[in-house]
Amino acid sequence: MRELPWPARVYFVALVGTAGLVITRGLLSHHGLVAEDWSALLVLALLFLLCESVPTLLNVPHVAMSVSFSAALAAVVLVGPVGAALVGLAAVVSVRPGLPMVKRLFNGAQYALCGYAAGWAYESAGGRATLPEPSDFPAILVPYAAATVVFVAVNFALTAVILRLASAVHRDQVSFRATVQFLSSYVGFATFGLLIAALWSTVQSISAVLVLLPLFVARWALGHYHAEQRAYDATIAALCQAVETKDYYTRGHCTRVSAASSMIAEEIGMGTERLRAIRYAGMLHDVGKLGVPTKVLQKDGRLTEEEYAAIQLHPMRGLEIVRGIDFLDEAFAGIMHHHERHDGKGYPMGLAGSEIPEFARIIAVADAFDSMTSDRSYRKAKSIEFAVAELRKNAGTQFDPDMVCAFVKALDRHGWDMAQPVPVPLDDAAVETTVKDHDDPTTPIQVVSER
Amino acid sequence: MRERRLTARPGGLDSGQLLLICAAGMLTVAGIAHTAAVGLSDARVAIGFGALIAAGELARLTMPGNREVAPISTAASLGYALLLDVGGRPANHSALQVVAVMAVGMIAGGLPHLAVGRPPRLDAMARRLLAGSLLAFAYRPLSGPLGELARDTDRHGNWWPALGVMAVLVTVMLVADVVIAAMLRADQVRTAFGVAVRDEIRMGAPLGAAVAASGILLALASHSMDMTALPAFAAPLLVTQVAFRKYAGIRATYLQTVRALSRVTEVGGYVEPGHSRRVSQLSVAIGRELGMAEPQLLELEYAALMHDIGQLSLRDPIPGGATVLADPAQARRIAELGAEVIRKTGVLHGVAEIVRRQCETLGESPPIASRIIKAANAYDDLVGGSTDRDRAAAALERLRLDGGSAYDPGVVEAMARVVDRLVLVTRL
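Which chain is which? The protein sequence lines are A and B, in order. Going by our numbering, the first residue of the first sequence is number 1, and it counts up by one from there. Going by our numbering, the first residue of the second sequence is number 1001, and it counts up by one from there.
Read the hints as simulated data drawn from the structure, not as lab findings. Check each hint, because a few of them may be wrong.
[Unchecked claim] The calculated lysine-lysine pairs, modelled on BS3-like cross-linking and capped at a C-alpha distance of 30 Å, are:
#1 A/Lys345 with A/Lys382
#2 B/Lys1246 with A/Lys382
#3 A/Lys295 with B/Lys1344
#4 B/Lys1344 with A/Lys380
Note that the structure is a prediction, hence the values are computed from the model and not measured.
Whenever a hint applies, use it, and build me the whole structure from the sequences.
Shown next as structure tokens:
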């Protein structure tokens, strides 16, 4: 409380006060709650608490989603505004560990007000707060929808204000996409409240179990999904790094290319699914390099055409390895064409301009940038400014100018974790180094023409 | 997922599956014929549920272990079988009509998949149909009295008997379904029945519970909400379906990725082409033969696929490959390096441990998975991709002659049985 700025404190007190007032007035009014209402409220409040303590059914960054409000909406239908407010108030005794009293009070008051407002909207739109009959359907959907919209809107507004006042979240931290996803999942969860209310006349509290069991199972599966996803990301990174240990200097290259590629992709507004795909494509873009004989990479001076051809083969080899994985096809195209050049002088197919798949154009920029900003056996790492200048210089010949532009913007916004300086190996025989980096635009590979 | 040579029979269906499909087919014919003869009772409801079943079939998904499921379709089938009334009007449809609606819905939902070249798993579909039919035949005769009891006494009737009967019958149905699935699986991948039952329960229980709850919910909601129940009910299960689809997707991608990346050792010239893949297939088959459950089999498969990954840390490929004939000290170092790589994932600790101990002799009592990989690796080094019977026999003989110091005799015998089957299959 003390660390909050004063407007936030005023807001907090006002909110709690209003909630207390509304509930007290409602309870004292002439049509108070009967015994049946109280038993329903008790079950719904328990339900609310249960859902509140497992809030992460759908995770949007910065906003934990909770199904608890379906219990409050069920109370709107079954008991009315005051009942919904009481159910919302249950958030005060949430069993979530480590939640400070201030937050508990805020949540309780906030949900109570949301519930009351939703109940008011429900009755204004013509709904009756009682056990729904089969004949009430589908007419009940209209007031119910009104209640949902008001609940979500009030909840959103009250929370947004406190977050702004407490300056915990800045505007650009909550993206538009996340907000839309958040709101639409709210509407989906609203259906559960209706189901609970509708079934109340037949099997009472068991209806809540029947509605929520699939949801808890879903949560269980999502939890496993997230765990598997994390394990997968860690595994793919570890395996790619294992491939890289061949060359002492390129360690971490794949993870950094992956990061830079997704920075560009995000900058040009790619969707979630494609972002994921390009993250993996960036990670895996060089797995085929292992097929290039070490002696070619370690050779001083110019390469023969045959040796250069061996290097040019690596995107195809990489594709061959990863083809069995169920990625988006774009990811494969990105791996296969990441050495094409904008002017058509790249390999393996000599595509030019927009013929080159978007993923490949992105990876090409990320790849060259990381190569320049990392230490190599034949030079030290260049500065970011130098690398950006180099990218700009080669935009239109080697790189897609749009992607270079997007990358520069993303760099300005997010900065860049440079590759750690690689300590010069003490004993040269102990580590593997190569004297060539096929990714480095500042020192192109020299090829002896045999003609 | 690809057909696995050593574990599943190439193509075709085995006798158990055929029996199941025939039974489902006959039931379908009987259901449709009967319904056509006596006419559809309450067509609006039947069409609504049929459409929901079709939509569920359209959204079917494949769970780990190549198990096809269609949660929304199954729940809708359960709901239709358990239906007491719709908005107060008693539902009088017969069990055979339930069968007909399910069959038509399933076929309709499967057609778009067929059109884009994804044929349905007939056995999985048959199982879904049979499970639903079983429930319908047990419950439909009771639905009259239960419904009267529920709608009794000025509309606040007693729903508890109906709910109890539904819960019991659905549980019985789920158990029957698990038993059928386990029998089929035991036959298909050659694992022990007990192990298969445990695997099926582990994989199926959460989704089964969600589907069962949703089915009962749908039957009850149809009373309170009339046909509005159908779309409203889909919401909780849709969330479940999305979650499971994501989970199944990442599991599949994970396995595909480890399989794919295990090939970098081949591309780098460290091992023979196809070595990792063959060792992993043989290892999993041996593991099954020895009664390992699915989570252990998955670890075994990962470890077998990556058992040579440590070689990537070597300066150059060992001349002649890191085979059973190579220097034991070198092999141990490769195992250590490989375990090091896998430990870096931060998650696959079990796999790293298996890889680390893959060279140990029996005296050091390595885990069973390490022993399997050691034997399978040696066998593949001796035989390679060949399916020649004499060569296989010679390799097995050589492993047996070791006399139980390096190779676990139990593992070698299990391998002999697996190899024997493999040779037979490829000969036929």
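Requested in this report: Of all the hints given earlier, name the ones this structure violates by number, lowest first.
Outcome: Result: hint 2 breaks, nothing else.
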